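Sequence order for the protein chains is L and H. In our numbering, each residue carries its 1-based index in the first sequence increased by 4. In our numbering, each residue carries its 1-based index in the second sequence increased by 329.
Hint data in this document are derived by calculation from the structure and do not stem from the laboratory. Nothing here was measured: the structure is a model prediction, and the numbers come from that model. Positions of the beta carbon are idealized from the N, C-alpha and C atoms, including for glycine. Careful: at least some of the hints might be erroneous.
What the hints assert, rightly or not - Below 27 Å or equal to it, Euclidean Cα-Cα: the simulated DSS-like pairs (lysine-lysine) are: (1) L/55 x H/506; (2) L/76 x L/31; (3) L/27 x L/55; (4) H/539 x L/76; (5) L/29 x L/75; (6) L/81 x L/58; (7) L/29 x H/506; (8) L/27 x H/585; (9) L/31 x H/585; (10) L/55 x L/9; (11) H/373 x L/27; (12) H/539 x L/35; (13) L/26 x H/539; (14) L/55 x L/26; (15) L/35 x L/55; (16) H/373 x L/31; (17) H/506 x L/74; (18) L/58 x H/585; (19) L/9 x H/585.
Claimed, not checked - Partner residues aside, some chain H positions facing chain L, computed with beta carbon under 7 Å: (20) 427; (21) 430; (22) 433; (23) 507.
Stated by the list, open to error - Facing chain L, a subset of chain H residues (Cβ under 10 Å, in silico): (24) 363; (25) 367; (26) 369; (27) 567; (28) 571; (29) 574.
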Amino acid sequence: MFRKKNTAGVNSNEIRAILNEKKTKMKLSLKACAHCSLCAESCFLFMGHNKDPKYMPSYKFLHSVGVLYKKKGNVDKQDLGEMRDLVWERCVLCTRCYCPIGIDIPDMLALARRVCRSQGVYPQYDRE
Amino acid sequence: MALSHIFSWTFVYDFIRGPMVWIAFIIFFCGVVFQVLRFMSLLKEQPIKKLTPGPGHFIYTRTASHLPMDRGKTGWFKKGWFTKGPDKKDPNKKDWRVWLTLSIAGVNPFMTVVTTIFHVLLIGLPVFVLGHNILLDNAFGVSMVSLPENVSDFLTGVVIFCALIFLFRRLFLDRVKIITSCADYLFLSLAAAPFVTGYLAYHQVFSNYKLLISLHILSGELMLMAVPFTKFMHMIYMIMVRFNVAGEYSFGNASKNW
Chain L
5 MFRKKNTAGV
15 NSNEIRAILN
25 EKKTKMKLSL
35 KACAHCSLCA
45 ESCFLFMGHN
55 KDPKYMPSYK
65 FLHSVGVLYK
75 KKGNVDKQDL
85 GEMRDLVWER
95 CVLCTRCYCP
105 IGIDIPDMLA
115 LARRVCRSQG
125 VYPQYDRE
Chain H
330 MALSHIFSWT
340 FVYDFIRGPM
350 VWIAFIIFFC
360 GVVFQVLRFM
370 SLLKEQPIKK
380 LTPGPGHFIY
390 TRTASHLPMD
400 RGKTGWFKKG
410 WFTKGPDKKD
420 PNKKDWRVWL
430 TLSIAGVNPF
440 MTVVTTIFHV
450 LLIGLPVFVL
460 GHNILLDNAF
470 GVSMVSLPEN
480 VSDFLTGVVI
490 FCALIFLFRR
500 LFLDRVKIIT
510 SCADYLFLSL
520 AAAPFVTGYL
530 AYHQVFSNYK
540 LLISLHILSG
550 ELMLMAVPFT
560 KFMHMIYMIM
570 VRFNVAGEYS
580 FGNASKNW
């Protein structure tokens with residue numbers, strides 16, 4: 005839980021610049037999320053993975069964009085690696101997720117992807 | 330004013346049922362206005378290219394109820410009105426059975442019912458409680474219609490029951506547990522506290538009625554003050570976003586973006 009950060013290879017300033025572009029919208033959205041889990045069934049990957057909670061749209065954005073804003077962009081490669089799994093492997097950005105409150109979940113996950121991509125953390129299918 | 334007087338029970342009681350009420354309402358209304366203006370400043374008109382069917386440009390309107398199409402003058406909730414069955418005369422209208430099955434009410438009916446009852450009563454019930462209306466009448470000479478005491482007592486029980494369902498979901502349902510933080514328990518307690526204390530005070534469960542009613546007033550004030558600045562903000566956010574921001578799930582002719 006409390007591990008030493010190894011921020012080598014991560015440009016926190018660049019991450020912060022990306023986060024600041026949509027700061028107001030993202031922070032309002034994160035605050036407005038009531039953690040109700042009603043978005044779960046709108047994700048076909050959640051339904052297709054035996055309703056594994058780790059595929060819930062809310063879980064995905066809280067543990068990607070939520071972490072980025074909470075840590076103010078001070079993340080290391082391990083954090084970004086965990087986010088990579090969430091935003092690429094567990095989400096295909098089909099934009100079908102539904103929030104009863106009206107939170108724009110795909111926009112949040114797209115932002116997390118952008119942050120990861122800016123730091124060279126993305127799937128490289130030709131090498132993996 | 331002596332320090333002992335400030336910390337005396339009478340002073341605290343008078344404060345939370347007097348100036349504190351005003352402070353809570355002012356913070357609540359100013360906070361809501363601030364957040365609404367903030368939202369409106371973030372939203373901008375989205376130039377949407379309206380889709381128009383024409384030669385070589387066929388739009389199957391039955392599945393395009395969410396798309397920006399020129400449907401003439403439509404009001405809130407009328408983004409493609411409903412019809413009774415699949416044999417529709419007007420292709421702009423949705424089949425309500427399909428719509429219901431696919432909606433959150435069809436997918437998760439139990440939670441839809443519980444959460445609707447909870448939120449409607451949370452906002453509506455305090456307005457129609459006899460005790461509150463008597464206070465209003467005493468203070469300003471005006472009051473709302475009051476519910477009979479046994480009805481409001483029953484409905485308070487319903488709110489507490491709904492809050493307990495939320496609590497059990499948070500404690501025992503994996504999908505909710507995994508995204509639950511301490512703040513969620515705190516705000517759930519804060520939302521339920523005015524109802525629990527009001528219920529206990531009304532039934533005089535504990536001998537110290539004055540303490541319970543003070544806690545009832547205080548928790549209500551805290552909740553009001555928390556609405557614009559905490560997780561309770563979803564009350565404002567939901568209305569602002571779904572009625573203004575263009576999208577598949579927006580209500581009415583929402584045409585803005587942010």
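Right, here's what the structure says about each hint:
1. Proximity of residue 55 of chain L to residue 506 of chain H is assessed by CA-CA distance (about 14 Å); at most 27 Å being required, the pair is judged to hold.
2. For the proposed pair residue 76 of chain L and residue 31 of chain L, the alpha carbon gap of about 11 Å is at most 27 Å, so the pair holds.
3. Of the pairs offered as hints, the one joining residue 27 of chain L and residue 55 of chain L is violated, with about 31 Å between alpha carbons and a cut-off of 27 Å exceeded.
4. For the hint linking residue 539 of chain H to residue 76 of chain L, the alpha-carbon distance of about 46 Å lies beyond 27 Å, and the restraint is violated.
5. Note on residue 29 of chain L and residue 75 of chain L: the hinted pairing holds, with a Cα-Cα distance of about 17 Å set against a maximum of 27 Å.
6. A hinted pair counts as satisfied when its Cα atoms are at most 27 Å apart, and residue 81 of chain L with residue 58 of chain L qualifies at roughly 21 Å.
7. For the hint linking residue 29 of chain L to residue 506 of chain H, the alpha-carbon distance of about 26 Å falls within 27 Å, and the restraint holds.
8. A distance of roughly 19 Å separates the Cα atoms of residue 27 of chain L and residue 585 of chain H; the hinted pair therefore holds under the 27 Å criterion.
9. Our distance criterion of 27 Å between C-alpha atoms is met by residue 31 of chain L and residue 585 of chain H, whose separation comes to about 19 Å.
10. Between the alpha carbons of residue 55 of chain L and residue 9 of chain L the distance comes to roughly 33 Å, so the proposed pair goes past 27 Å and is violated.
11. With a CA separation close to 17 Å, the supplied pair residue 373 of chain H and residue 27 of chain L stays within the 27 Å bound.
12. Among the hinted pairs, residue 539 of chain H with residue 35 of chain L is inconsistent with the structure: their alpha-carbon atoms are about 35 Å apart, more than 27 Å.
13. Of the supplied pair hints, the one linking residue 26 of chain L and residue 539 of chain H is violated, its CA atoms being roughly 48 Å apart against a limit of 27 Å.
14. Of the pairs offered as hints, the one joining residue 55 of chain L and residue 26 of chain L is violated, with about 31 Å between alpha carbons and a cut-off of 27 Å exceeded.
15. With a C-alpha separation of about 25 Å, the suggested pair residue 35 of chain L and residue 55 of chain L falls inside the 27 Å cut-off, and the hint holds.
16. Our distance criterion of 27 Å between C-alpha atoms is met by residue 373 of chain H and residue 31 of chain L, whose separation comes to about 18 Å.
17. A distance of roughly 20 Å separates the Cα atoms of residue 506 of chain H and residue 74 of chain L; the hinted pair therefore holds under the 27 Å criterion.
18. Proximity of residue 58 of chain L to residue 585 of chain H is assessed by CA-CA distance (about 32 Å); at most 27 Å being required, the pair is judged violated.
19. Among the hinted pairs, residue 9 of chain L with residue 585 of chain H is inconsistent with the structure: their alpha-carbon atoms are about 41 Å apart, more than 27 Å.
20. Checking residue 427 of chain H against chain L: minimum C-beta separation of about 16 Å lies over 7 Å; hint violated.
21. Interface hint status for residue 430 of chain H: violated, as the beta-carbon distance to the closest one in chain L is roughly 12 Å, over 7 Å.
22. This hint holds: residue 433 of chain H has a C-beta 6 Å from the nearest C-beta of chain L, less than the 7 Å allowed.
23. A least Cβ separation of about 4 Å between residue 507 of chain H and chain L falls short of the 7 Å threshold, and the interface hint therefore holds.
24. Hint status for residue 363 of chain H relative to chain L: violated, with the closest Cβ pair at about 13 Å, above 10 Å.
25. For residue 367 of chain H, the interface hint holds, the least distance from its beta-carbon to any beta-carbon of chain L being 8 Å, beneath 10 Å.
26. Violation of the interface hint for residue 369 of chain H is found here, the shortest Cβ-Cβ separation to chain L being roughly 13 Å, above the 10 Å cut-off.
27. Contact between residue 567 of chain H and chain L, as hinted, is supported at the beta carbon level, the nearest pair being about 5 Å apart and thus within 10 Å.
28. Checking residue 571 of chain H against chain L: minimum C-beta separation of about 4 Å stays under 10 Å; hint holds.
29. For residue 574 of chain H, the interface hint holds, the least distance from its beta-carbon to any beta-carbon of chain L being 7 Å, beneath 10 Å.
Violated hints, listed in ascending order, are 3, 4, 10, 12, 13, 14, 18, 19, 20, 21, 24 and 26; each of the other numbered hints is respected by the structure.
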